[in-house]
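Asks: This is what each chain is made of:
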Amino acid sequence: MPNLMSGARMLVECLVREGVECIFGYPGGVTLPVYDVFYDHPIRHVLVRHEENAAFAASGYARATGRVGVCCATSGPGSTNLVTGLVDALMDSVPIVALTGQVSTKAIGSDAFQEADTFGITRSCTKHNYLVKNVKDLPAIVHEAFYIASTGRPGPVLIDLPKDVLQAQGHYSPVSSIHLPGYKVVTEGHTGQIRRAAQMIWDSERPLVYAGGGIVSSGAHEELRELVELVDAPAVLTLMGLGSLPADHPNFISMPGMHGSYAANMSMTHADLLIALGVRFDDRVTGRLSAFAPHAKVIHVDIDPVEIGKNRAADLPIVGDAKRVLRKLLKMLHETVSERERKAAARQAWWRQIRAWQQEHPLVPAFSDREIKPQHLMVEIDRLTKGEAIITADVGQHQMWAAQFIRFRRPRHWLCSGGLGAMGFGIPAAIGAQFACPDKLVVAIVGDGGFQMSIPELATIASNRLPIKIVICNNGYLGMVRQWQELFYNNRLCAVAMEGFPNVEKLGAAYGIPARIVERPDQLTGALETALAEPGPYLLDVRVSPEENVYPMVPAGAALNEMVLGPPQPVSVPK
Amino acid sequence: MLQVISLLVENKPGALMRITGVLSARGYNIESLTVARTLDPTLSRMTIVVDVDPALRRQVIKQMNRLINVLQASDLTEERAVAREMVLLRVRAPLESRTAILKEAEIFSARVVDSSVEGFVLEASGDPEKLDEFIDVMRAYGEIEVTRSGIVAVSLESRRLRLSPPVPTRAGSEPADSRLLDVPSS
Numbered sequence: 001m002p003n004l005m006s007g008a009r010m011l012v013e014c015l016v017r018e019g020v021e022c023i024f025g026y027p028g029g030v031t032l033p034v035y036d037v038f039y040d041h042p043i044r045h046v047l048v049r050h051e052e053n054a055a056f057a058a059s060g061y062a063r064a065t066g067r068v069g070v071c072c073a074t075s076g077p078g079s080t081n082l083v084t085g086l087v088d089a090l091m092d093s094v095p096i097v098a099l100t101g102q103v104s105t106k107a108i109g110s111d112a113f114q115e116a117d118t119f120g121i122t123r124s125c126t127k128h129n130y131l132v133k134n135v136k137d138l139p140a141i142v143h144e145a146f147y148i149a150s151t152g153r154p155g156p157v158l159i160d161l162p163k164d165v166l167q168a169q170g171h172y173s174p175v176s177s178i179h180l181p182g183y184k185v186v187t188e189g190h191t192g193q194i195r196r197a198a199q200m201i202w203d204s205e206r207p208l209v210y211a212g213g214g215i216v217s218s219g220a221h222e223e224l225r226e227l228v229e230l231v232d233a234p235a236v237l238t239l240m241g242l243g244s245l246p247a248d249h250p251n252f253i254s255m256p257g258m259h260g261s262y263a264a265n266m267s268m269t270h271a272d273l274l275i276a277l278g279v280r281f282d283d284r285v286t287g288r289l290s291a292f293a294p295h296a297k298v299i300h301v302d303i304d305p306v307e308i309g310k311n312r313a314a315d316l317p318i319v320g321d322a323k324r325v326l327r328k329l330l331k332m333l334h335e336t337v338s339e340r341e342r343k344a345a346a347r348q349a350w351w352r353q354i355r356a357w358q359q360e361h362p363l364v365p366a367f368s369d370r371e372i373k374p375q376h377l378m379v380e381i382d383r384l385t386k387g388e389a390i391i392t393a394d395v396g397q398h399q400m401w402a403a404q405f406i407r408f409r410r411p412r413h414w415l416c417s418g419g420l421g422a423m424g425f426g427i428p429a430a431i432g433a434q435f436a437c438p439d440k441l442v443v444a445i446v447g448d449g450g451f452q453m454s455i456p457e458l459a460t461i462a463s464n465r466l467p468i469k470i471v472i473c474n475n476g477y478l479g480m481v482r483q484w485q486e487l488f489y490n491n492r493l494c495a496v497a498m499e500g501f502p503n504v505e506k507l508g509a510a511y512g513i514p515a516r517i518v519e520r521p522d523q524l525t526g527a528l529e530t531a532l533a534e535p536g537p538y539l540l541d542v543r544v545s546p547e548e549n550v551y552p553m554v555p556a557g558a559a560l561n562e563m564v565l566g567p568p569q570p571v572s573v574p575k
Numbered sequence: 001m002l003q004v005i006s007l008l009v010e011n012k013p014g015a016l017m018r019i020t021g022v023l024s025a026r027g028y029n030i031e032s033l034t035v036a037r038t039l040d041p042t043l044s045r046m047t048i049v050v051d052v053d054p055a056l057r058r059q060v061i062k063q064m065n066r067l068i069n070v071l072q073a074s075d076l077t078e079e080r081a082v083a084r085e086m087v088l089l090r091v092r093a094p095l096e097s098r099t100a101i102l103k104e105a106e107i108f109s110a111r112v113v114d115s116s117v118e119g120f121v122l123e124a125s126g127d128p129e130k131l132d133e134f135i136d137v138m139r140a141y142g143e144i145e146v147t148r149s150g151i152v153a154v155s156l157e158s159r160r161l162r163l164s165p166p167v168p169t170r171a172g173s174e175p176a177d178s179r180l181l182d183v184p185s186s
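Chains as they are written, first to last, in my numbering: chain B, 1 to 575; chain Z, 1 to 186.
Simulated from the structure, these hints should not be mistaken for lab results. Treat each hint with caution, since some may be false.
Below, simulated BS3-like cross-link-like pairs (lysine-lysine); rule was C-alpha separation at most 27 Å, straight line [stated by the list, open to error]:
#1 K12/Z <-> K297/B
#2 K62/Z <-> K106/B
#3 K12/Z <-> K133/B
#4 K184/B <-> K12/Z
#5 K323/B <-> K130/Z
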């Protein structure tokens, strides 16, 4: 029986049917009809303090669960403020649906108050976007948006909703099916190709699994583990893939790339077969592309055909969902498992080589009894959270140290802005993750720069009593930029000293959030324990050594095996 | 190198913008672009000619195929295909050269679509290179004004159109929290 209702009400009906429980948003003039529905509807709306953070919170929600995150903003400045969060979700393949208000259809194009061409602006920031011109199209569009956001290679979808469409009355009946004839998603990998992949794996002497965010998206972590164990292949995980193999798994080498370990990068350089799973050969992973994995044949599995051959030609492309492809591959590998012994001697030599690299230059955290080393901070967070916490990070040095030293044991426990590298991500993402997983410990590790981009959200945390632990890795600098100025611009430091950082204890008090500043290494463990034991939110300002740099480092444009392992050592003159 | 791309596209607002966006994001300049409805009025056929680094041709096609409004994108550059273009050309024709112009037009199978004391408007269609020659010849008769349609192209090989079938929505399924459904409107 069709019901007569407003467009705004239809929107909420459709959201509920899509399983949405929580929306991160910020109201405004043209979204008033939607907020009037929220007024007495049990769907949860979380008021953030800036629209960008609504998008990041939706992203945190989606990254922590795999479900679609939803954010909502008004027209004009509301929608333009979402843009960074949309691009972030696009780069990291995160399923979010963004709802934006728009001026009435009759006013579109007239430079009306708070009008912006959201549909045009967000075209390149989204997987797909819509401008709803007629209320009768609204329900199908909402379901299409969720379908597009969550299937294939996930990504952000935006729906621009003019005010008159939200106000218009229409007959609503649930839309039972949608038709997107041009939306092609290939999930089942080509069987013949997968069979060839199995053969290439048995034929290889120095195989290396190179896995990333696609494993997390498709939930293929169990299959990944089975693969590396069956083949006994070493594995590296990208920044986006950390946790999809437990960090203490013997086959896990570490993260490769610009700040990857020596062993991971040497393995990449010397492998004769790369089994690339849900990765995109990002420049931060490959270093100089022409020198990347020069001896390797490449099996490239990805759900997005655009990724295959984009940066590195694949010797064996397989388009499909990582989980399904791996299941088929595992079946074929099991059937041919007798072949495993054929290259056993070479494989053992390969492992010996990798173990030697690991011993030669292990990733060792720096410690000091005079100052808190940021690596020490990460090691302590790792030890105290035991791989159980959802860790979010901002962007910069602290993000790299966290990636190097926190041992992630399962997927969806490490949330950071990988592709876009958006500062100000960590705290709103933690808000989203905490709403998604209310019983989980959520720790936001941020730098002093990114923290200052997110301070307004302390109000969101305080007003919702979210038990998020914010740890500021505070070196008083925009550390990664400072590191580059030091190493590549003759230490001519410009615009990187973050003077005027607020007193966090007073700031916390202003928001009613307990807070503490720690400066000495012997205080660190106790302070972290206090923070983690706090039932509510906690703000911990950890003053770390200001001039610590992230190593190893592959300078931009260098090959992976040309990494710099540590700061230049002072030359000792024998007496 | 010029790439000829043929696209079958849903006739929806923004579809053209998405397609040209794939090209403009890489800084490619479009040489020509034609769009018109197909027999099915919900669909459009586009032919785009664009100067693309040969190594990236496949990538461009894949990026276009990724667009939700694109039903099919194909590269006709090295396929067996026919490409045609139309030109409308205004040429000043004083009395002494009118006969010669008409003779030249006939050689190129061009038609006179307007004739006045000042001159002719000629319509020619065919192979784009042939039209280049036609324009060159006409230039010899003095001032001309030219409007070209851009290339329309068709593959000589029929290719199967693979479309995705309709999919059920979650509208019929129970939401995680049923309290959220059937809330009376205020």
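Asks: Each hint needs a verdict: does it hold in this structure or not?
Replies: Tested hints:
1. A threshold of 27 Å between alpha carbons decides the hint, and for K12/Z with K297/B the separation of about 42 Å lies outside it, so the pair is violated.
2. A C-alpha spacing of about 37 Å is found between K62/Z and K106/B, which places the hinted pair above 27 Å, so the restraint is violated.
3. Among the hinted pairs, K12/Z with K133/B is consistent with the structure: their alpha-carbon atoms are about 12 Å apart, no more than 27 Å.
4. Between K184/B and K12/Z, the direct Cα distance comes to roughly 18 Å. Compliance with the 27 Å bound is thereby established for this hinted pair.
5. Of the supplied pair hints, the one linking K323/B and K130/Z is violated, its CA atoms being roughly 54 Å apart against a limit of 27 Å.
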